[in-house]
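My request is simple: use the sequences and hints to build the entire structure.
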Amino acid sequence: MQNNQKVILCASDLHLNFETVQLLIEREKHQQFDAVFLLGDFLNLQHQQGEDSELDKLRKLLSPFKSFGCPIYFIPGNHDSDELLYDKYLEEGFINIHKKSLQIRDDLWIVGLGGSIPGYNKQGLIWQGYPYKSDEEYSQDLEKLKLPKEGKIILITHIGPALSQTTISSENGWDDVIKSGSDSQSNLIKNKKNIILNVHGHTHDGVGSRMMNQCKVVNVGPLLYGNYCIIRISNKVDKIEHIFI
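Residue numbering for the sequence shown follows UniProt numbering, beginning at 1 and increasing consecutively.
The reader is advised that the hints may include incorrect statements.
Listed below are the simulated DSS-like cross-link pairs for lysine-lysine, each with C-alpha atoms no more than 27 Å apart in a straight line [to be verified]:
#1 K190 - K179
#2 K146 - K133
#3 K122 - K190
#4 K99 - K193
#5 K239 - K29
#6 K99 - K192
#7 K149 - K192
#8 K236 - K216
#9 K193 - K6
#10 K66 - K239
So the derived label-pair ranges between C-beta atoms look like this [said to hold, decoys possible]:
#11 I95 - K144: 13 to 21 Å
#12 G50 - D106: 42 to 50 Å
#13 R59 - E26: 13 to 21 Å
To be clear, the hints were calculated from the coordinates, so they are not data collected in a lab.
Beta carbons: idealized from backbone N, C-alpha and C, even for Gly.
Right under this line is the structure:
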């Protein structure tokens, strides 16, 4: 392994599946990770008035990841508690990267933005977004991100960029695809040349990796159904391993 290479475990869309979390922990218990990225949708909240925030379930679901003994960076999805959006979920070993930038190596940064925008098929709106009601709203927070001018950037998001096939859902057939990605995120990646990796989830059947200009876009897949990803990165993306358990 290269001296400056980082090995990162990525998981998303757990949706309270405790069983697949334990399967992952058991499978990777001998692997040494430099970081864990958790990309949201840990819960199944619909954001209705009076709904329980389920923070006790969240702690129970995520605490097994502490066994890897490395920093755990996370962002909220569209089915998570508002406490994650407003950085009120405080747990030792976990770092909320939503709307934040952190330097994890001299020449490597992670920048995070959680939540989702609406999804559309050819008939119109099919999924509501949360907390963003439109890509325009999402774009406003993208523009506020502190993106370093020097060094490489890993963009950690719940949704992916619109121009990537990793954001297209064809679960109802190719005549009725759902587009769940963000045009503004695509533009950010195209214009910010030092974003070399964008890891995301959200689109359950969009698992895989695609190139977008200089950036590798990776949908790590839903751990709900046993998908996760291990990424090795130095000054470039060295290897992406999609795993199904």
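Consistency of the hints with the structure:
no.	hint	in the structure
1	K190 - K179	holds, 19 Å
2	K146 - K133	holds, 23 Å
3	K122 - K190	holds, 26 Å
4	K99 - K193	holds, 20 Å
5	K239 - K29	holds, 20 Å
6	K99 - K192	holds, 17 Å
7	K149 - K192	holds, 9 Å
8	K236 - K216	holds, 9 Å
9	K193 - K6	holds, 21 Å
10	K66 - K239	holds, 24 Å
11	I95 - K144: 13 to 21 Å	holds, 19 Å
12	G50 - D106: 42 to 50 Å	holds, 48 Å
13	R59 - E26: 13 to 21 Å	holds, 20 Å
The structure fails none of the hints (numbered hints given earlier).
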